[in-house]
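Visitor: As given, the protein sequences belong to chains A and B, one line each in that order.
Just so you know, we're using my numbering here: the first sequence kicks off at 122 and counts up by one.
Just so you know, we're using my numbering here: the second sequence kicks off at 122 and counts up by one.
Rather than coming from a laboratory, the hints here were simulated on the basis of the structure.
Hints may contain errors.
[Unchecked claim] According to the in silico footprint, chain B covers these stretches of chain A (three or more CB under 8 Å from chain B):
1) 187-194
2) 217-225
3) 251-258
4) 362-372
Ideal Cβ positions, reconstructed from N, Cα and C, are used throughout, including at glycine.
What follows is the residue order along each chain.
Number of protein chains: 2
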Amino acid sequence: MSPESFGARLAAAMAALGPLCVGIDPHPSLLAAWGLPDDPGGLRSFALTTLDAVAGTVPAVKPQAAFFERHGSAGVAVLEEVVAAGRERGLLVVVDAKRGDIGSTMAAYADAFLRDGAPLAGDALTVSPYLGFGSLEPAVTAARESGRGLFVLALTSNPEGASVQHARSADGTPVAVAVAREAAARNAAERQLSGARLGSVGLVVGATVGAAVARLGLDLAAVGGPLLAPGVGAQGAGADELAQVFGDARDAVLAASSRGVLVAGPEPAALRSAAARARDEAARALR
Amino acid sequence: MSPESFGARLAAAMAALGPLCVGIDPHPSLLAAWGLPDDPGGLRSFALTTLDAVAGTVPAVKPQAAFFERHGSAGVAVLEEVVAAGRERGLLVVVDAKRGDIGSTMAAYADAFLRDGAPLAGDALTVSPYLGFGSLEPAVTAARESGRGLFVLALTSNPEGASVQHARSADGTPVAVAVAREAAARNAAERQLSGARLGSVGLVVGATVGAAVARLGLDLAAVGGPLLAPGVGAQGAGADELAQVFGDARDAVLAASSRGVLVAGPEPAALRSAAARARDEAARALR
Numbered sequence: 122m123s124p125e126s127f128g129a130r131l132a133a134a135m136a137a138l139g140p141l142c143v144g145i146d147p148h149p150s151l152l153a154a155w156g157l158p159d160d161p162g163g164l165r166s167f168a169l170t171t172l173d174a175v176a177g178t179v180p181a182v183k184p185q186a187a188f189f190e191r192h193g194s195a196g197v198a199v200l201e202e203v204v205a206a207g208r209e210r211g212l213l214v215v216v217d218a219k220r221g222d223i224g225s226t227m228a229a230y231a232d233a234f235l236r237d238g239a240p241l242a243g244d245a246l247t248v249s250p251y252l253g254f255g256s257l258e259p260a261v262t263a264a265r266e267s268g269r270g271l272f273v274l275a276l277t278s279n280p281e282g283a284s285v286q287h288a289r290s291a292d293g294t295p296v297a298v299a300v301a302r303e304a305a306a307r308n309a310a311e312r313q314l315s316g317a318r319l320g321s322v323g324l325v326v327g328a329t330v331g332a333a334v335a336r337l338g339l340d341l342a343a344v345g346g347p348l349l350a351p352g353v354g355a356q357g358a359g360a361d362e363l364a365q366v367f368g369d370a371r372d373a374v375l376a377a378s379s380r381g382v383l384v385a386g387p388e389p390a391a392l393r394s395a396a397a398r399a400r401d402e403a404a405r406a407l408r
Numbered sequence: 122m123s124p125e126s127f128g129a130r131l132a133a134a135m136a137a138l139g140p141l142c143v144g145i146d147p148h149p150s151l152l153a154a155w156g157l158p159d160d161p162g163g164l165r166s167f168a169l170t171t172l173d174a175v176a177g178t179v180p181a182v183k184p185q186a187a188f189f190e191r192h193g194s195a196g197v198a199v200l201e202e203v204v205a206a207g208r209e210r211g212l213l214v215v216v217d218a219k220r221g222d223i224g225s226t227m228a229a230y231a232d233a234f235l236r237d238g239a240p241l242a243g244d245a246l247t248v249s250p251y252l253g254f255g256s257l258e259p260a261v262t263a264a265r266e267s268g269r270g271l272f273v274l275a276l277t278s279n280p281e282g283a284s285v286q287h288a289r290s291a292d293g294t295p296v297a298v299a300v301a302r303e304a305a306a307r308n309a310a311e312r313q314l315s316g317a318r319l320g321s322v323g324l325v326v327g328a329t330v331g332a333a334v335a336r337l338g339l340d341l342a343a344v345g346g347p348l349l350a351p352g353v354g355a356q357g358a359g360a361d362e363l364a365q366v367f368g369d370a371r372d373a374v375l376a377a378s379s380r381g382v383l384v385a386g387p388e389p390a391a392l393r394s395a396a397a398r399a400r401d402e403a404a405r406a407l408r
């Protein structure tokens with residue numbers, strides 16, 4: 122029997138708890154603000170406090186691998202613990218590691234992040250398609266087999282991103298659009314089987330990319346998978362820009378917020394309130 | 122005082138020992154062929170045996186992070202040990218992790234891989250520019266400050282890569298060419314100061330990309346940095362294709378060979394002979 126798909130699980134969790142994913146980014150400046158040391162023990166305390174505070178309030182969390190890798194294998198051991206602890210608390214865990222390679226190397230990343238019993242297996246993984254969406258196929262397959270998901274980098278709001286993501290193939294298709302179409306094809310096939318509202322191959326799309334979506338002809342409503350969106354809410358995109366960027370795909374958006382929530386810590390009650398507020402703001406802005 | 126640059130160190134090592142970088146890819150099938158278990162102890166034995174065998178015979182090694190991450194933090198602990206052991210044996214260590222992110226997250230990856238005393242700091246790191254070459258700037262800076270290097274994914278030989286790497290910006294510049302120009306600008310600035318033959322911002326260019334280099338107008342001789350090239354030699358590109366792909370930049374090519382050398386193990390003498398043979402073949406083909 123197939124496991125329940127990530128898309129189905131995420132859709133249910135978003136229906137119950139709203140559209141927010143809390144980023145777990147133990148940046149040195151945040152550790153300092155929380156009075157924690159910049160070492161594996163500090164990371165652990167930071168991340169577990171956050172998980173305890175936001176479980177039951179938001180559907181998902183997103184630990185950022187880079188901040189754990191700063192501390193080498195000891196940091197990665199904390200990441201393993203955090204991923205498992207998040208799932209134990211009923212949170213969907215998106216491991217933000219932006220992996221991308223080819224062939225047996227991509228398959229090895231899938232072994233690390235996308236298989237039952239794998240040491241770093243959350244519920245989904247962010248991946249990077251510079252080697253072509255097709256190079257990610259071992260991850261797509263592993264995710265499908267284990268009921269996990271992917272978020273593929275597509276269109277980001279940092280200005281340098283345009284040099285790659287807006288470039289066009291010989292037939293005029295922008296890179297970001299080609300990535301979205303590949304995801305859409307996978308999700309269409311999956312949703313025919315699962316019947317779920319969302320497929321399991323999501324995209325990363327910056328909430329503040331503005332007019333680029335229309336200019337490139339990026340059809341996000343056709344993706345049929347979740348859209349992980351940094352930059353929703355305070356200092357980010359408001360309702361008008363979200364409508365411009367996501368259009369009819371607004372109900373597929375999982376807004377990612379890190380610092381905006383985390384600065385409220387380390388008091389659990391304050392963190393929980395900040396997460397609830399960010400969640401409600403995102404829900405309102407995405408209505 | 123600035124540390125000696127990676128480009129200068131690599132140029133000297135290649136002048137002494139030739140143009141080969143041995144990939145350390147503890148693929149499950151190779152572990153099995155060597156009679157080793159697919160666990161952290163097996164990885165460790167595999168990698169240290171390889172380092173001992175090839176030190177003094179080739180200038181550089183390239184452990185592939187994915188095969189260590191398969192075993193989670195315990196695998197990453199082995200990777201830490203392998204990186205340090207490679208450097209102790211006088212090998213230049215290219216950590217093949219293809220990291221890429223923006224802002225403070227990219228800076229965190231630089232902290233992990235590109236700073237003195239960092240747990241995973243080899244001599245160079247492979248990085249991925251889907252978020253734009255400019256997003257890699259924290260890594261460029263950290264590498265320069267610590268005498269380390271980067272190899273930026275540019276043009277790869279897997280067929281899916283073309284969908285991104287051949288795409289063109291509004292002014293007609295292909296993505297791979299834009300990446301190469303950014304690297305060239307960094308290397309020109311560095312080489313003016315260092316006087317070295319090679320700068321420290323290298324590219325990954327597949328040796329079997331063939332006519333794509335000319336068709337895209339990719340000027341590899343202008344890069345002024347090392348070109349890490351999978352696919353040289355047996356079953357890969359021969360002298361004719363290498364001349365077609367690399368032209369006058371042939372003396373900047375660091376040929377990457379993994380399986381072709383590693384299948385000769387686990388006997389150290391056989392591994393060393395295979396590495397020397399691959400090195401000499403690469404040198405001959407790149408002449």
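Visitor: Taking the hints in turn, state whether each one holds.
Guide: Quick rundown of the hints versus the structure:
A stretch counts as covered by a chain when three or more of its residues have a beta carbon under 8 Å from one of that chain; for the segment 187-194 of chain A and chain B the count is 7, and the coverage holds. Proximity of the segment 217-225 of chain A to chain B, defined as three or more residues with a beta carbon under 8 Å from a beta carbon of that chain, is established by the 7 residues found. Coverage of a stretch by a chain is defined here by at least three residues with a beta carbon nearer than 8 Å to that chain's beta carbons; for the segment 251-258 of chain A and chain B the count is 6, and the condition holds. Under the rule that three or more residues need a Cβ within less than 8 Å of chain B, the assignment of the segment 362-372 of chain A is violated, with 0 such residues.
In terms of the numbered hints stated before, the structure departs from hint 4 and from no other.
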